[in-house]
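K.L.:
Keeping their order, the protein sequence lines are chains H and D.
All residue numbers for the first sequence refer to the working numbering, where the first residue is 7 and numbers rise by one.
All residue numbers for the second sequence refer to the working numbering, where the first residue is -10 and numbers rise by one.
Careful: at least some of the hints might be erroneous.
Calculated cross-link-like contacts (lysine to aspartate or glutamate; reagent style DMTMM-like; alpha-carbon spacing at most 20 Å) [claimed, not checked]: (1) H:LYS74 to H:GLU11; (2) D:LYS33 to H:GLU11; (3) H:LYS77 to H:ASP33; (4) H:LYS63 to D:GLU90; (5) H:LYS104 to D:ASP45; (6) H:LYS48 to D:GLU90.
Listed next, the stretches of chain H that the computed footprint assigns to chain D, with coverage defined by at least 3 CB atoms under 8 Å from CB atoms of chain D [claimed, not checked]: (7) 44 to 56; (8) 107 to 117.
In short, the hints are calculated from the structure, not lab data.
Just so you know, even glycine gets a beta-carbon here, dropped at the ideal spot from N, CA and C.
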Amino acid sequence: GENVEQHPSTLSVQEGDSAVIKCTYSDSASNYFPWYKQELGKRPQLIIDIRSNVGEKKDQRIAVTLNKTAKHFSLHITETQPEDSAVYFCAATASYDKVIFGPGTSLSVIP
Amino acid sequence: EAGVAQSPRYKIIEKRQSVAFWCNPISGHATLYWYQQILGQGPKLLIQFQNNGVVDDSQLPKDRFSAERLKGVDSTLKIQPAKLEDSAVYLCASREGTEYEQFFGPGTRLTVL
Chain H
7 GENVEQHPST LSVQEGDSAV IKCTYSDSAS NYFPWYKQEL GKRPQLIIDI RSNVGEKKDQ
67 RIAVTLNKTA KHFSLHITET QPEDSAVYFC AATASYDKVI FGPGTSLSVI P
Chain D
-10 EAGVAQSPRY KIIEKRQSVA FWCNPISGHA TLYWYQQILG QGPKLLIQFQ NNGVVDDSQL
50 PKDRFSAERL KGVDSTLKIQ PAKLEDSAVY LCASREGTEY EQFFGPGTRL TVL
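Next up, chain H with everything else stripped away, as it sits in the complex (with noise of 0.2 Å):
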């Protein structure tokens, strides 16, 4: 069945630095790539997403890549900030439906 994969599954930065999450997916019809922000204890929120007719989008601080050919896509945060501490899941789906949620990775930005 689909599945999507997600590294590392926990990740410590300094403040100010840049944290990078890392998906690959195995459905090739995958064709719609949201990132999910959970902090503790509270729902997912939606921080950016991307669609497979893009190759990057960008949001402020935050970036996403997509590799259609090679199947894997990540997430970019540049110049972290203590408030980005959370959990981060990426997802894919090739419709509207079955979106598949990858294992989440944690993240700690260190004052």
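The hints should help you fit chain D onto chain H, whose structure is shown.
P.N.:
Leaving out everything else, chain D in the frame of chain H:
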């Protein structure tokens, strides 16, 4: 705009008991999802509704889990009887027809003792 509402927020039961969760999606969102999120894992889809019809329930353990969305708005998810491994956060999400983004509720944290 009000978000997705869920209740209760927390529930503790003993194994073999029954439990029910309620979800009210964002107004106008025809698609509703129930996810199970076990500690340390990503959300796993249990069931998806389009209005009051089931679109996908392939990962729903149908011997103990059931869900309904009778009037195409609110939904309930039931577990009967509960097992220890059902301890998780149950997330409800909804989506507007032509948009990809899913909006999540706050979840119900279930502990089965």
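K.L.:
In ascending order, which of the hints set out earlier in this document are inconsistent with the structure?
P.N.:
No hint contradicted; all consistent.
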